[in-house]
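Produce the entire structure from the sequences given, and follow the hints as far as they go.
Protein chains in written order, with this note's numbering: chain G, 1 to 332; chain W, 1 to 303; chain U, 1 to 338.
None of these hints come from the bench; they were simulated from the model.
A portion of the hints provided could be inaccurate.
[Claimed, not checked] Taking lysine-lysine pairs in the DSSO-like style, the calculated list, with each CA pair at most 30 angstroms apart, reads:
1. U/K209 to U/K49
2. U/K161 to G/K289
3. W/K193 to U/K161
4. U/K209 to G/K266
5. G/K204 to G/K299
6. G/K266 to G/K289
7. G/K132 to G/K9
8. U/K161 to W/K191
9. G/K289 to G/K299
10. U/K209 to W/K193
11. U/K209 to G/K299
12. G/K266 to U/K49
13. G/K9 to G/K266
14. U/K209 to U/K161
15. G/K132 to G/K89
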Amino acid sequence: MTMAPDRTKLLEVRNLRVEFPMRRGTLVAVDDVSFDIAPGEVLGVVGESGAGKSMTGAAIIGLLEPPGRIAGGEIRLDGRRIDGLPYEKMRRVRGREIGAIFQDPLTSLNPLYTVGRQLVETILTHLDMSEKAARERALQLLQDVGIPAAERRIDHYPHQFSGGMRQRVVIALALSANPRLIVADEPTTALDVSIQAQIITLIKRLCREHGTAVMLVTHDMGVIAETADRVAVMYAGRIAEIGPVRDVISRARHPYTEGLMGSIPKIGEAGGRLAQIDGAMPRLSAIPKGCAFNPRCAKAFERCRAERPEPLTVDATDVACWLYDPAPAVRR
Amino acid sequence: MDALRRALDSDIYYSFRRSPVVMLSAVVTLLFFAGAIFAPWIAPQNPFDLRQVDLMDASLPPFWLPDGQAHFPLGTDTQGRDVFSTILFGSRISLLVGVFSVVFAMVLGIALGLVAGYAGGTIDAVIMRVADVQLSFPAILIALLIDGVARLVIPQELQHEIALYVLILAIGFSGWVQYARTVRGSCMVEKGKEYVQAARVIGRHPVAIMLQHVLPNVLGPVLVIATIHLAIAIITEATLSFLGVGVPPTEPSLGTLIRIGNNFLFSGEWWITVFPGIALVVMVLAVNLLGDWLRDALNPKLR
Amino acid sequence: MTGPGTPLVAANDLARHFDVSRPLLNRLLDGIPRQILRAVDGVSFGIRKGETLSLVGESGCGKSTVARLVVGLYRPSRGSVVFDGTDMAQLGSRAEAERVRRRFQMIFQDPYASLNPRWRVGRIVAEPIVVHGILSDPGAIRARVDELLVQVGLSPADREKFPHEFSGGQRQRISIARALSSNPEFLVCDEPTSALDVSVQAQILNLMKDLQRQLGLTYLFISHNLAVVYYISDRVGVMYLGRLVEVGDVRTIFGQPQHPYTRMLLDAIPDLEMSGRPRTPVAGEVPNPIDPPTGCTFHPRCPLATDRCRREAPVSRPAPTGAMVACHAVEEGRLPPR
Ligand SMILES: Nc1ncnc2c1ncn2[C@@H]1O[C@H](COP(=O)(O)OP(=O)(O)OP(=O)(O)O)[C@@H](O)[C@H]1O
Ligand SMILES: Nc1ncnc2c1ncn2[C@@H]1O[C@H](COP(=O)(O)OP(=O)(O)O)[C@@H](O)[C@H]1O
Ligand code: SF4
Ligand code: SF4
Ligand SMILES: [Mg+2]
Ligand SMILES: [Mg+2]
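Next up, the structure:
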């Protein structure tokens with residue numbers, strides 16, 4: 001199946017499937033996931049740990065660790081397929097067109113080189129400019145991400161920076177070749193709330209100023225609410241619900257999203273019990289038949305246990321839940 | 001039953017089944033152990049029972065050479081002893097010394113490592129400095145030294161009887177450092193984990209925490225070291241015996257056999273020394289391969 | 001016995017300093033002085049029976065150190081912990097210590113590290129029962145363990161399993177069962193839900209609240225998540241660089257925060273309502289605790305800092321809201337309305 005390229009979409013993911021062939025059978029970590037990101041848009045991806053958020057991100061930037069592999073679907077950047085590109089070609093796409101930010105800033109930085117040198121090298125790899133211009137750009141980037149006294153700190157080593165400052169350096173690194181898409185996997189999870197707020201503000205500002213699209217993976221609904229334009233809620237390797245942030249957060253349609261929102265303690269609300277979803281996310285090796293959420297879903301009915309729900313469009317949101325099937329189904 | 005099923009289902013067993021070399025090593029090691037343990041029953045003759053040895057059979061070559069006899073498959077030595085049987089009995093001594101010195105080193109090393117790791121501070125510093133000093137000498141030298149000292153202090157008439165024990169102590173003592181270092185390292189890691197702190201909050205005695213909580217969690221790497229150490233201990237014993245300071249010639253180990261046979265190498269009776277040599281190499285190699293595999297199999301990063 | 005007013009647990013000017021100096025030789029060669037890290041430096045609070053006091057603050061501010069001081073994992077460098085009228089440092093005999101010990105327990109953050117991986121769940125949960133000699137008959141111990149497992153939402157059959165067979169949330173339930181097995185009155189919980197997903201966090205928080213109601217437990221609860229703290233606590237203490245900067249009732253702290261740091265923390269919480277409320281941008285980061293700023297340690301980040309703040313450390317005083325606040329601006333009445 002080929003699609004006509006759509007210029008309003010920077011990234012198109014269609015029916016993505018990521019598998020881990022294991023000795024006891026194949027685990028499907030990402031199953032039939034489709035979404036788009038427009039230029040300048042922030043798509044938040046939320047879900048509990050193990051939902052497949054990171055694997056989706058890794059598939060897009062071509063950094064799936066073997067034995068993990070893309071087993072189906074397509075990923076297009078600007079209409080051009082980037083899944084299955086040979087390693088060298090993908091390396092050029094990554095960095096030049098897609099930037100990556102990970103949870104632990106230390107693993108993305110080489111402890112042996114100054115941050116300036118790492119920035120300059122990345123810039124020179126991807127952009128055609130003189131060493132001097134590259135250094136100027138590096139300095140500019142560090143200032144952009146809000147590192148005070150950047151002229152001095154450019155020659156410091158990663159360990160001389162605090163956690164929050166390191167994450168800023170990583171963001172600068174991701175931005176160094178002016179990519180059009182940034183995949184950020186839990187960029188604030190290891191940081192304190194006050195630093196988290198600073199990084200969120202930074203990401204939002206960069207999007208606005210540079211028109212960069214961002215896929216923001218996190219398990220923190222608060223971060224999503226503050227940053228994202230649209231949200232995809234993942235559960236057991238699939239997208240349960242995807243739509244505008246306001247709709248998903250304040251008018252959750254999928255029972256899982258609803259439960260997730262209810263279980264977040266909120267300041268200002270009277271005490272009492274939190275709404276809780278009983279049970280836990282299934283292991284990949286034991287995903288229930290039908291709707292993967294059915295054993296934990298208070299609204300589950302017969303069809304949920306037999307048939308897997310496909311995404312159904314309700315207003316601006318796509319919901320994978322049989323409750324929204326307009327067909328006169330046998331519902332109890 | 002349940003435990004067996006779990007073991008057969010584990011990743012370690014899986015990686016074992018996937019590697020033919022490892023399986024072969026395991027079979028060879030098992031054969032050596034079986035041969036050593038059951039030597040008195042399976043060996044064609046007891047080479048140290050003078051009634052079974054006949055000087056008339058002396059210096060017979062292996063059976064496939066002219067003059068070779070089928071019931072002395074690997075030939076006989078200059079006193080008419082069956083080389084195959086001496087190898088079985090020799091392996092028995094070699095493995096005995098190897099296993100017991102490993103056990104001794106292991107117990108000593110684990111105990112000192114646990115104490116050093118858990119207590120920390122001065123105790124730790126003292127134990128680890130001693131370990132560092134000892135590590136700067138070759139193990140064989142330490143063993144020689146201990147053996148020499150023991151010979152000086154033990155009365156002449158007792159020497160023969162307890163030579164074996166002295167050897168075990170000497171080799172064991174030369175090898176505890178590896179265990180102590182590893183156990184101390186793992187112990188310091190485990191000590192910081194919250195389950196140990198939970199036990200402290202409950203009010204458990206430090207010794208109980210060490211033995212019941214920490215020890216079971218540091219045994220994995222110890223097992224690996226023990227396997228590799230077994231190969232080293234066997235070699236050390238062989239070297240000492242080859243040098244003539246090991247087990248007495250009345251109970252020859254593989255090393256002793258090689259030394260004795262060595263004298264006849266140039267008079268043409270090469271089999272007296274070559275076969276024990278091959279046996280030693282094969283045994284050590286098999287044990288070592290097992291140890292290497294175990295180390296990799298237990299290391300989740302390499303899987 | 002404790003009356004309604006007197007605290008069950010009290011910390012009086014509690015401090016813990018760590019010597020983080022380089023080895024002596026390096027110090028002499030490089031001429032560096034001895035370095036002392038004041039992880040906790042003069043913290044006082046009281047927790048009444050049946051109440052939950054939470055400590056919040058950014059990473060490294062000393063929350064866990066306070067928790068460990070309270071349960072006796074660390075010895076205080078200064079100050080004392082008083083449990084039900086007994087000074088924990090003055091406990092004489094082992095028997096006496098044991099009697100006090102079984103009255104409090106601790107729950108840890110990391111559900112993967114807090115259970116011995118080689119022990120079965122039944123043995124883990126029974127450990128305090130056996131150690132404190134609460135029950136001795138194996139049948140009775142078993143029955144009690146089953147009861148505890150059911151109480152925390154697991155099943156008696158789980159007794160025979162190993163920790164690795166459980167999810168993070170289930171392991172945290174096992175930890176809670178272990179903590180409850182010696183019938184303690186007081187639980188210290190160091191970030192018990194920080195490693196869990198929100199939906200599982202909700203389960204654990206609900207469980208902890210239910211248990212508190214059923215068993216009349218007293219909690220010292222540690223978290224860096226303000227929403228969780230709001231949900232679980234009766235009173236809240238805000239820590240910054242080893243000190244308590246503000247302590248008060250949960251509604252006061254969240255409704256009328258006084259200390260500039262408390263206000264900054266509250267402002268930094270991502271806004272789920274998306275009300276678009278304007279907020280003061282958060283400035284700066286936590287300074288290095290080895291070399292903290294002079295005077296009020298918050299002054300480099302504080303919009304209200306004056307010369308006095310840079311010189312003189314503020315002491316904790318009652319503020320008009322009823323909270324105890326350590327800030328010159330509050331004392332001088334020059335705090336802007338929020
Ligand atoms: N054993 C120790 N030796 C030296 N310094 C220590 C030790 N334990 C804690 N510290 C230091 O004391 C300070 C407070 O640590 P603590 O663990 O109490 O922080 P915390 O508030 O619990 O932080 P987090 O939110 O990250 O758990 C930190 O600067 C820490 O590095
Ligand atoms: N190397 C691997 N082998 C097997 N399964 C894996 C591997 N890496 C990840 N998975 C599984 O893939 C699923 C999705 O993981 P991930 O995308 O990291 O989740 P998250 O939503 O927390 O980011 C998880 O169930 C995880 O256990
Ligand atoms: S499909 Fe059924 S089980 Fe799944 S979320 Fe909808 S109602 Fe619940
Ligand atoms: S004492 Fe001064 S610096 Fe500290 S918080 Fe108050 S106003 Fe700010
Ligand atoms: Mg992830
Ligand atoms: Mg802590």
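To see whether the hints hold, each was checked on the structure:
{"no.": "1", "hint": "U/K209 to U/K49", "verdict": "14 angstroms, holds"}
{"no.": "2", "hint": "U/K161 to G/K289", "verdict": "26 angstroms, holds"}
{"no.": "3", "hint": "W/K193 to U/K161", "verdict": "21 angstroms, holds"}
{"no.": "4", "hint": "U/K209 to G/K266", "verdict": "16 angstroms, holds"}
{"no.": "5", "hint": "G/K204 to G/K299", "verdict": "37 angstroms, violated"}
{"no.": "6", "hint": "G/K266 to G/K289", "verdict": "34 angstroms, violated"}
{"no.": "7", "hint": "G/K132 to G/K9", "verdict": "35 angstroms, violated"}
{"no.": "8", "hint": "U/K161 to W/K191", "verdict": "23 angstroms, holds"}
{"no.": "9", "hint": "G/K289 to G/K299", "verdict": "16 angstroms, holds"}
{"no.": "10", "hint": "U/K209 to W/K193", "verdict": "27 angstroms, holds"}
{"no.": "11", "hint": "U/K209 to G/K299", "verdict": "26 angstroms, holds"}
{"no.": "12", "hint": "G/K266 to U/K49", "verdict": "26 angstroms, holds"}
{"no.": "13", "hint": "G/K9 to G/K266", "verdict": "35 angstroms, violated"}
{"no.": "14", "hint": "U/K209 to U/K161", "verdict": "27 angstroms, holds"}
{"no.": "15", "hint": "G/K132 to G/K89", "verdict": "27 angstroms, holds"}
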